[in-house]
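**Q** Residues per chain are reported as follows:
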Amino acid sequence: MRFFPHTPDDIREMLEACGAATLDDLYSDVPESLRLRRAYDLPASLSEPEVREWFEATASKCSPLVCFAGAGAYDHYCPAVIDAITSRSEYLTAYTPYQPEISQGTLQYIFEYQSMMASLTGLDVCNASMYDGATATAEAMIMAVNAAKRKRRVLVSSTINPEVAQVIGTYARYQGIAVEMIPQKDGVTDRAELELMLGAGDVAGVIASTPNYYGILEDFTGWADLIHKAKALFIINSPALPLAVIKPQGEWGADIAVGDAQTLGMPLSYGGPYLGYMVAAKSLMRKLPGRIVGATTDEKGQHVFVLTLQAREQHIRREKATSNICSNQGLMTLRAGMYLSLMGADGLREVNRLSTDCAHELARRLEATGKMRLSHPAQPFLNEFKMTVADPLTTADILDALRREGILGGVAIDEREMIIACTETRTPAQMDKYVSTVKNL
Amino acid sequence: MNRSLYSKLIFEHSRSGRRGTDLPRRPWADAMLHLPAALMRGEAPALPEVDEPTVARHYTNQSTNNFGVDTGFYPLGSCTMKYNPKLSDSLAADPVISRLHPAQPASTVQGALEIYWTLQRALSEIGGMEEFTLNPFAGAHGELTGLMVIHAYHDSREDYSRTRVIVPDSAHGTNPASAHVAGYEVVEVKSLPDGTVDVDDLRSKLDATIAAVMMTNPNTVGMFEKNIPEIAEMVHAAGALLYYDGANLNPMLGVARPGDMGFDVMHINLHKTFSTPHGGGGPGAGPVGVRKGLEEFLPVPRVVKNSDGSFDVIDRCDSSLGRVSAWFGNYTVFIRALAYILSLGAEGVAKVGPLATLNANYVMNALKDLYLLPIPGPCKHEFVFDGLIDKSGGVTTLNVAKRLLDLGFHAPTIYFPLLFHESLMIEPTETESRETLDAFIAAMRQIAGEAAENPEFVKSAPHDTPVVHPDDTQAALTPKLTYKDLQDGI
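So the sequence lines, in the order shown, correspond to chains A and B. FYI, the numbering for the first sequence is 1 to 441, going by our numbering. FYI, the numbering for the second sequence is 1001 to 1490, going by our numbering.
Don't read these hints as lab results, they were simulated from the structure. A hint or two may mislead.
[As the list claims (entries may be wrong)] So the derived list for chain B, only partly shown, Cβ under 10 Å to chain A, looks like this:
| hint | residue |
| --- | --- |
| 1 | S1007 |
| 2 | T1021 |
| 3 | A1038 |
| 4 | V1055 |
| 5 | Y1059 |
| 6 | A1140 |
| 7 | L1144 |
| 8 | M1148 |
| 9 | H1278 |
[What the hints assert, rightly or not] Covered by chain A, per the in silico footprint, the following chain B stretches (three or more residues, Cβ under 8 Å):
| hint | region |
| --- | --- |
| 10 | 1181–1192 |
| 11 | 1257–1264 |
| 12 | 1325–1335 |
| 13 | 1341–1347 |
| 14 | 1357–1365 |
| 15 | 1471–1480 |
Don't be surprised by glycine CBs; every beta carbon is placed ideally from N, CA and C.
Sequences and hints are given; from them, build the entire structure.
**A** Structure follows, in structure tokens:
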């Protein structure tokens, strides 16, 4: 077996050094009734070419489609240099940087990522990653409840991604937190309802998103004042990439920025690994979950980096920790940091513009087919939008027809409504095919 | 490497007007012009402006300040830092899989679902469980998910009195933290001098308020909890469920299965036992397995095999605990773990445990005359020294760990478990050769010698690392957490 260096002689001599005759002797403390005295019901070992053959044959049972779907995961291009650097084993095969003397590589890229995300969100303190945008939002909810002591209500906009809402709901249920959904009006959160719900008191936090699940940019003007007057925290969930062009969480007066940063250099990869981000106002620094890297100096006077503020974490505080998170998505912050560096502010603006232009052009041309129309024509959107299908067609009719043409046409919300997303990787030819397929229905 | 050139932050390489990427040209009209200014960003984010060669060189040079499993021996206890096969990396980057959107219909992703299902089945066989979900993102997330399964189970029986979870004092910090996040109060059970759980103490704490008992077996001092059949019986008689923290599963491969020990729910760290890379702190994966009768409580989405051999996704299930991830978890980690299992096969997987245990006992026996072994062996995959036997020179476990860095080794886990003051926890894993172990033993013996002859030299270690004695206190007292903080001189 190619991963085991032991020769039969090694095993014999090493056992001798341990005063044991057989490998079994080392397990004399395991009761015989518990021993697995049979072979595993697993296939026999395969050589490297055979394993590769199995995966290639299995992967070939999938059909990658031209992706016009979003709903939280977007088909942006990932520059090749990101894969090349991320596969370096100095980064890939390291553990959590608990020994800063030999972990400056990891520590520095996390520090750079924290710096970039703080600027992108307009807030102060970024942690070293959460699992995904959904769990990051759930952890932000827990922060809000912990900060508010006895208050147990959390208000969540019904325009948020439903998977994110479900994860929030799961975490809330077992913590005894009451999650209430804020109704929507014409595709955006109903502010009058929010005011009423806040007025009823006992609210620890308010969670909303922009662009929301329908791709619509929400207007949070005045929200921060309302929410802070109710002594609650304001949490905004946004996919990371649009933050380069839309008003970011910090500018809206939010206390915590969360979301998924898959859009910063991570391929779709059937759902993961992606990257949850969390950035908070400085006042919440010691309430943040997870790892945080800080700069300091060493004996030689060099700027160096260490894990810091560890008194918040599970390995120190156990059940009193701010979260149970330990391993996170560390390596993905390298991807995000590289993506943001390669793009710069101008490149990010251009990617957003190309994606937005594509979406607006597609929406216009799909409306012209008469088969579907924008569900909320008065609402501003970037690269994702919601369409209502004209009778008697259903979203399944549209998506099935597109799939036969090799296109993933979007994500159905129900029989009548669907969301469609564009990125800079969609071409005019792909759009033509999308539009003509719909037109011919 | 040349630190004077490349120790800069990426921001310090920035020059206005540089770009690291080119984007396609498209014929479409500028749609952003018409978006309401009040919703748009005022000031551009402060990001570096750098070209691609600068980015490549910056991150390549930074990587040389890092130590990974490919760099050298990494005996970090409870972290199972085994070799990560390169085939797995190559397969995880499969060009077909990397282009699959997670919302694609099941009919177009049959292969991806088959990979998920095949790994799920293999883990069920290895764990002795009925079914696994692969969705949890990490070990701690698996613990949380597993405790939610237990919560959903008790709720389904309308048994709402169970508000507490028992955790041994030797447990990983994530156990009590996960129990807390799952909404439970934590009750600690004591360890005996031999490191195993005090069964009498446990018995006295079991009552109708206990939802679950969390155990690690072998535990964090590397001892097998041999009373586990009796413990399982007690826990079940009290109406609670028994949870297996899979962080220490490695030595059990080929020897015994958690399901056969009486555990009801377990998680596995794919980034430990199944050789997927740790990535400097993730992404890992923490699949959760359950015994028969608990499958309905697993989180959605679930991947199932139909009677015609095709695969499907179940997105809704009323009895499920709910959703713990937006999609299917860290998918490409599953590819790596399955590639490892298929490479090893039934016979190879069964050798992992005994060889890991052999390596640990070999190192322990070669050092126990110089380092204090509070719990005599044989150990399983790891063992704990309580510092040097001869402490007269004042050399601590931290000093030993830092001196090891000079000698080319990663440090063991230190000051955990909390049962001893000077814990030094060593886990060699099965992928290390006898020569590597001998070199490590020689280094540890050298340090013990130095500690006796020239303790100040050990106390001032490390001497040869790129960074020496970073000031942790300054980092915590005046936190500088971004480049802006550094510029502002906060």
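**Q** Which earlier hints turn out false for this structure, listed by number in ascending order?
**A** none
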